[in-house]
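Peer 1: Listed below are the residues making up each chain.
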Amino acid sequence: MSMSDKLTAPKAKPDDEEIFVRRVRPELWQNPTPRGIYDFAIVGAGPAGLVAAESAARLGFRVALIERNRIGGNSLNLGSIPSKSIIATARTFAAKRKAEETGAPLPIEPTLNFGEVMARMRRVRTRVSEHHSVEKLGGLGIDIFFGAARFEGTDTLLIADTKLRFKKALIATGARPRSPNIPGLDDIGYLTSATIFGISALPRRLAVIGGGPLGCEMAQAFCRLGSHVTIVQNDPKFLPREERDAAEILSRSMARDGVVIRLNTTVVGARAAEGAKVLETVDNNVKSDVEVDEVLLSIGRVPNVEELNLEAAGISLDGDQGVKVDDFLCTTNPNVYAAGDVCMELKFTNAAEASGRIATQNALSRGQKCQSQLTIPWCTYCDPEIAHIGTHVWEARQQSIPIKSFTVMMHDVDRAITDGQNLGFVKIHVEEGTDKILGATIVASRASELVNEMSVIMSTGIGMNDLANIVHTYPAESGGIVLAALACVRNHMRPLSK
Amino acid sequence: MGDLTELSDDALVNRLQRGAFSYFLDYANPENGLVADTSRSGSPCSIAVVGFALSCYTIAVENGWLERAAAANLVLKTLQFFTQSPQDGGPDSTGYKGFYYHFLDMRTGARVWQCELSLIDTALLLAGILTAASYFNGDGDESEIRALADALYRRVDWRWAQNGTETVSQGWKPECGFLHYGWEGYNEATILYVLGLGSPTFPLTQKGYVSWGSTYQWENLSDTDVLYSGPLFTHLFSHAWIDFRGIRDAFMREKHSDYFKNTKAAIALHREYGERNPHDFKDYNRNFWGITAGDGPSDGALQLDGRDRRFFGYMSRGVPYGPDDGTIAPWAMLATLPFGADAALTGTRHLLTTYPQVCPNDRFASGFNPTLTAQPDGWLSEGWYGLDQGLLAMMIENYRTGLIWETFRKCSYVKVGLKRAGFEGEWL
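Taken in order, these protein sequences are the chains called A and B. Position 69, counted from 1, in the first sequence is what this note's numbering calls 70; the numbers after and before it change by one each time, with no gaps. Position 306, counted from 1, in the second sequence is what this note's numbering calls 307; the numbers after and before it change by one each time, with no gaps.
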């Protein structure tokens, strides 16, 4: 191979996938022979299970980690990492518009190499997989067992024919995409978060069913990459967990990108027609068809509990919520805890890791940490991003807590103005008459970063008065946070009634 | 007719009020009292516009634009139509359970466009009916007006509209039942709740109003405390009938404010937004504002001055979260007269001086967009919308004489409704 061939060779290394597999599920893996009774047996090596295994091993406990598929769970393999990688490419594509608005139009139209987009996504995943590779986990003294686990008794797990006894256990089996209840959809086939990152060609026309975080993220990203995307949402607004202003800004942003938005619309059937997939929809009794090449189903997630034989261990379920846990994340078996998507309402990587940490401390160190004390920020990674932490206004009002939101529009934040990123807002929700921060909602190009400042602020108990005095860089998008705090200080300087 | 801008404030306001009112004479069907939604050819009736018309007939009598007997006769015909029209809830009937379909055929009164049985538009119709009943206190036709109005109000089954829940849905259709979206956040629905709560027959449960209030957002925006709602009309509709000065519900007691002050705060925000003009639209400033629901240039995207601009058709526009495409409602500034005459008049005069075309025949168009320079003078909505004319005529009257406020507060159902919603204060 000549030097010039090397320069023009595809950037995707053929051995990338090999490295990835070696890190997350080595092909010729032999499960170890169990070393007596384990201090801590963890079922599931996703974010919750990994945090638990690593922290327990570092404290010197004998740890068994059981994974039926690949190390890393949804987050690494099918969720956060692959989706954010593709969103990064989509943002680059959308920058064309920004380039024109800032006086630097691109000389040529950008073109898409979808194969390269997906190859990059796999490289990113391989890179991230190094953090918790089989090799690293083994280096911590963790015994890794690949295979499906089921309880055989209150202190015993079975992996194939191998019995594994434990003093304490953690269920961290996560969740999987909810199956559809749409006649005909199984027959025509559909993608979910578990399969969309494996496609090799950009769908010319894509329908997204479900307007939750992943549905919105993928609808916007694939639209920006060039698919003709229609998103169908049962509810009258996207992101039902978010406040109306945030959801509406996202809705308009997606429409601006060219996503066809069908809110308040139910998919009642699906059929194949001349090489296409047709979704039959109803909106207020008006029926219409959506013809596409691929369908992405994103209607929520269900906990993975069916194969665990939980009854054998005396572990109860909590309806659709998954494994029933108390505030200490202990199941109905006092020696078994649960963490992450299998038991948490917030099915996010950071919530899984935080709960994994708590469950481990409570299980092994007689900790008394409560999940209700966790303040978990979350973010939907659309453009603009939508992030929230703490109490929602409606939750406070339902609890008769007087609440006031100090709102700063991003279009009034100097850095957002200079960068042309002026869509969105910072709202800090404060207990009225005080400077106590109850929560925050942030819509901004990098709301995922801004909300972390609020997470630090809230966890340290700093109020708006002190926040207003913390010196920030200028100009910065976080200036919106400071402006909100300053508004609160000014507000308190005036008499309450005018 | 002369240049509007050369008139004194009083003369200008009078002339624009009469121009607005005359919409109802020009676009009502005198046989049944139905009024066209817009002046455009083939427009159906909007029941909300009828509610505004019924209120405005009283203004016309007071101003000498209509003989009292003629006005009463027009009101009576309207009420007779709504009494006699089919209420079976069929797809082509007029209404159901005392509510009415949003849009009706101008001649037959039959439902058009497969529209919804609309709760808010029925409430606006009823507000007009009760205003007329309160005003026409004489004998003969006027006595019959009161009897019919009472019967129409009493037969509305508000409890049915709650559909077993605490809050009300936005509507119902014979084809699919209740629409599954309700009211989230503060908006124009206060009058809907007040009239629903005041019913002696099938009142809304009191918890519904409290539940709706739990979705309110009390915000500090641009150093102004406000119960937030984006479009300007949401801060005006209920106020066209109800004088909120000196009365407050639990929410406003907690906030040391009232809904009248709140509308003033919202207006201040709209003006501040106009001055900041964050999205760089043409001509926005402190005296060029009025972002609300109304007609727009149509859906589409355009490159203008190197910017990617997106425009909308008929839409509810709002401040500060948007949507905003550079379109203002030319009538909106003047409709805020009772909340601050200086801002309303200064803005209106500035608009009429700069763009006299927004007020053809002394009547404001629904929407105007100077940013859209594809047309030399910007984009202007064709014809007129009945809601705009009715709201403007009523707000001017409230500013000048307080007639509608005085008339409406005499209605006992209104007082009961306000009290059940938790309002207390001077005139209750």
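In case anyone wonders, no lab produced these hints; they're calculated from the structure. Cβ coordinates follow ideal geometry from the N, Cα and C atoms, glycine included. Check before you lean on any hint, since a few could be wrong.
[Unchecked claim] Coverage of chain A stretches by chain B, computed from C-beta distances (three or more under 8 Å per stretch; other residues unrestricted):
# : region
1 : 101-112
2 : 211-221
3 : 234-247
4 : 426-440
Peer 1: State for each hint whether it applies.
Peer 2: Taking the hints in turn, this is what the structure says about them:
no., hint, result
1, 101-112, "holds (count 3)"
2, 211-221, "violated (count 0)"
3, 234-247, "holds (count 4)"
4, 426-440, "holds (count 3)"
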